[in-house]
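Trainee: First to last, the sequence lines map onto chains A and B. Per the working numbering, residue 1 is the first one in the first sequence, and the count goes up by one each step. Per the working numbering, residue 1001 is the first one in the second sequence, and the count goes up by one each step.
Certain hints may be false.
Said to hold, decoys possible - In silico DSSO-like links for lysine-lysine, alpha-carbon gap of 27 angstroms or less:
{"hint": "1", "chain 1": "B", "residue 1": "Lys1008", "chain 2": "A", "residue 2": "Lys413"}
{"hint": "2", "chain 1": "B", "residue 1": "Lys1161", "chain 2": "A", "residue 2": "Lys79"}
{"hint": "3", "chain 1": "B", "residue 1": "Lys1034", "chain 2": "A", "residue 2": "Lys413"}
{"hint": "4", "chain 1": "B", "residue 1": "Lys1363", "chain 2": "A", "residue 2": "Lys396"}
{"hint": "5", "chain 1": "B", "residue 1": "Lys1029", "chain 2": "A", "residue 2": "Lys413"}
{"hint": "6", "chain 1": "B", "residue 1": "Lys1413", "chain 2": "A", "residue 2": "Lys79"}
{"hint": "7", "chain 1": "A", "residue 1": "Lys363", "chain 2": "B", "residue 2": "Lys1396"}
{"hint": "8", "chain 1": "A", "residue 1": "Lys9", "chain 2": "A", "residue 2": "Lys332"}
{"hint": "9", "chain 1": "A", "residue 1": "Lys301", "chain 2": "A", "residue 2": "Lys13"}
Hints were generated in silico from the structure; no laboratory data involved.
Number of protein chains: 2
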Amino acid sequence: MRIIHPAKKSGSKIVIIIGGGFAGLNAAKTFVNKENVFVILIDQRNHHLFQPLLYQVATAGLSPADIAVPIRGQFSQAKNVEVHLGRVTCVNLKNNFITVDQDEFEFDSLIVACGAQHSYFAHPEWEIFAPGLKTLEQATEIRRRILSSFENAENEMDPKKQQALLTFVVVGGGPTGVELAGAIADISRTVLIGDFRRIDSSSARILLVEAGTRVLASFDDSLSIKTKHDLEGLGVEVMTSARVANITSDGVQVGDEFISAACVFWAAGVQAAKMNFEPEVGLDRAGRVKVNKDLSIPGYKNAFVIGDMASVEISAEKFVPGLAPAAIQAGKHCARTILATFKGQARTDFKYVDKGQMATIGKYRAVMQSGPVKLVGYLAWLAWLFIHIFYLVGFKNRVSVLADWVWNYTFSKRGSRLITESQWQLKK
Amino acid sequence: MRIIHPAKKSGSKIVIIIGGGFAGLNAAKTFVNKENVFVILIDQRNHHLFQPLLYQVATAGLSPADIAVPIRGQFSQAKNVEVHLGRVTCVNLKNNFITVDQDEFEFDSLIVACGAQHSYFAHPEWEIFAPGLKTLEQATEIRRRILSSFENAENEMDPKKQQALLTFVVVGGGPTGVELAGAIADISRTVLIGDFRRIDSSSARILLVEAGTRVLASFDDSLSIKTKHDLEGLGVEVMTSARVANITSDGVQVGDEFISAACVFWAAGVQAAKMNFEPEVGLDRAGRVKVNKDLSIPGYKNAFVIGDMASVEISAEKFVPGLAPAAIQAGKHCARTILATFKGQARTDFKYVDKGQMATIGKYRAVMQSGPVKLVGYLAWLAWLFIHIFYLVGFKNRVSVLADWVWNYTFSKRGSRLITESQWQLKK
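Okay, chain A solo, but in the shape it has when bound (with noise of 0.2 angstroms):
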């Protein structure tokens, strides 16, 4: 079936973006009213997702809508811009044109932005056992099996069954896996406080399994370790150079031990989306498609990869990271290219601008680090906020946002502690 664009102008030049994250909605907004341009902008979700707060779903903080928008109205006022929901099933490079579903769209111009998703290292079985954190869903799901596994231990009378069911290991000890325990641990001890009879929340297990040498490998090493202090503080036991051998559903062998937990949750590594080109291009160890410096397609001047799909070397072995910052200047600058092209300009190569990396540790704490400035705790965490909120797309979900977090912070209660039905055992 031939599908048509009512919208778009004779003689303007179509610019496909696959994929709605932060790289594919800042490539789409630039172009926003431009001459001669006509987006479409494809995903197979119909909203706009802030990944960096999901974890705050995950732990019963925010709701979905919070950090959730409908890419749809994000463009309602560009007439230029087209939104399609859609999977795409294979880009032609060769011959300009992408199959979404079972029609064909053709380009002049394409962005492919289709982010990254959770990689078992070669144990997709796991997955069952221990959801990631990459979609609203899994969000959910995580939250559910939280508040459940309390449910359960507050009716289980066998002690060792109800020791398992309140023991939490997280796997991966990156930024999500510290804020996910963090936010579990500030759960069990402060959160649930009060709500139950015969088990005491606040007993909870709460493990951080990590298989490097130090937690947030990426940021300095004094941070690795004042972050782990403050994680132990908080009643989470940090476990380095702790290798998982297996998951199952009964809980996590680690090097040798094997510990009981209801609850397992991944946060240990992610590669590239995968798309199918034709011809096939070139990847690195990641998955990642290997880019030219102006972030285009080596021998396809028209067709680019940008955010965690891209592998960008900044110097030998250097590659830039999979940051939201990082995704967003790949957007705004993949299109001025193509804006550029457009009017037969020169091109100019990619600079990644780092503007640092941050977590949070529970409530109240966090570790930023931005060149030479390094900064923990309260200051670190009023940072944190203030960026996340500004980065935040919509004017409603800052306010909601915000209005949430005054409320989880000052009275530290959790206003999303749903149990809803699952969808996921019924999936597997």
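Using the hints provided, position chain B relative to the given structure of chain A.
Mentor: Leaving out everything else, chain B in the frame of chain A:
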């Protein structure tokens, strides 16, 4: 397995309450910190749901967490109340115990308040094609179907199929049906304007199908006429004396006419929740338990049925309605009766105070009726708004619902327009 109740003081009487809806929750609250009484409140869900606003979750106006609170959190300060997540499989009236999953719980007094569910009038096979609106899962499923229909219509090039995707049928002209149809009209006529490029969302056809001769049959005649007129003003086609003969995946058979529609929703009938009583108890035609004037089960002075599950006659053939205020009143009365009985005092009959009824019609309009007072239009809507905010449990929910409404009504945008994965198709 024997469940222990460490919070129970020895010598105190056990009151078991089944169901954390309006009736059960208000009964439990009446017992808070009363001496010599220990309450076990059992529900199969962890949250109390404010059902009157469920249609707003279904139409993307509110988030699930806005209208639901964890039951447990309501009693963290009440040391004589234990909240138990579980499913009651049997009520043994003769020997004063109930079975919860695999466990047996003894009681001195019992309150059964399990509410109501949808009735498909001997056509349970219709449910998959026409979900009802009683739980959060159903509400997010309806939201997913409405939003997905607009998305699919945008991608559909066959005009006939596109028209079916833009046709929404609500079966049942009671308050829920009226509110749902009005809100869908509002979405198509205002919220989604500008979002699509190939369809005109405001051309969506919305039908309200009622088997009786008028909508809002429990209201005064003049209000039914006004409501029909207002709905038509919003773009809703109101079909009265229209009986649904069949529902399939393609649409609805109404009398001789087959209406092709991707979305059909059920608001036509409810029946009392089923409970396995031993010995059996007398039910009325709607499946409700016939109770004495003090709400106790005939023959069992210590066991009560209240809320939507109870058949309470006010006068000949006139029954207490299945409304939140009635359930709240019954919950409080029943708890006071039990307290009086424990003290050896006399019991009084339940006297239902009719607080009236109301329904919204789209934005800014409502109908309400309370005794001789009848209100329509903006004033009724204002009254509706404040009464609902007032009855909403939890200060945080009140604030966040009010904030969401201010946003929705001011900017005609709904914040929760998320399509998340369905668990619905998988289940069936």
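Trainee: Each hint needs a verdict: does it hold in this structure or not?
Mentor: Here is how each hint holds up against the structure:
no.: 1; hint: B/Lys1008 / A/Lys413; result: holds, 25 angstroms
no.: 2; hint: B/Lys1161 / A/Lys79; result: holds, 26 angstroms
no.: 3; hint: B/Lys1034 / A/Lys413; result: holds, 25 angstroms
no.: 4; hint: B/Lys1363 / A/Lys396; result: holds, 19 angstroms
no.: 5; hint: B/Lys1029 / A/Lys413; result: holds, 20 angstroms
no.: 6; hint: B/Lys1413 / A/Lys79; result: holds, 18 angstroms
no.: 7; hint: A/Lys363 / B/Lys1396; result: holds, 19 angstroms
no.: 8; hint: A/Lys9 / A/Lys332; result: holds, 23 angstroms
no.: 9; hint: A/Lys301 / A/Lys13; result: holds, 15 angstroms
The structure meets every hint from the earlier list without exception.
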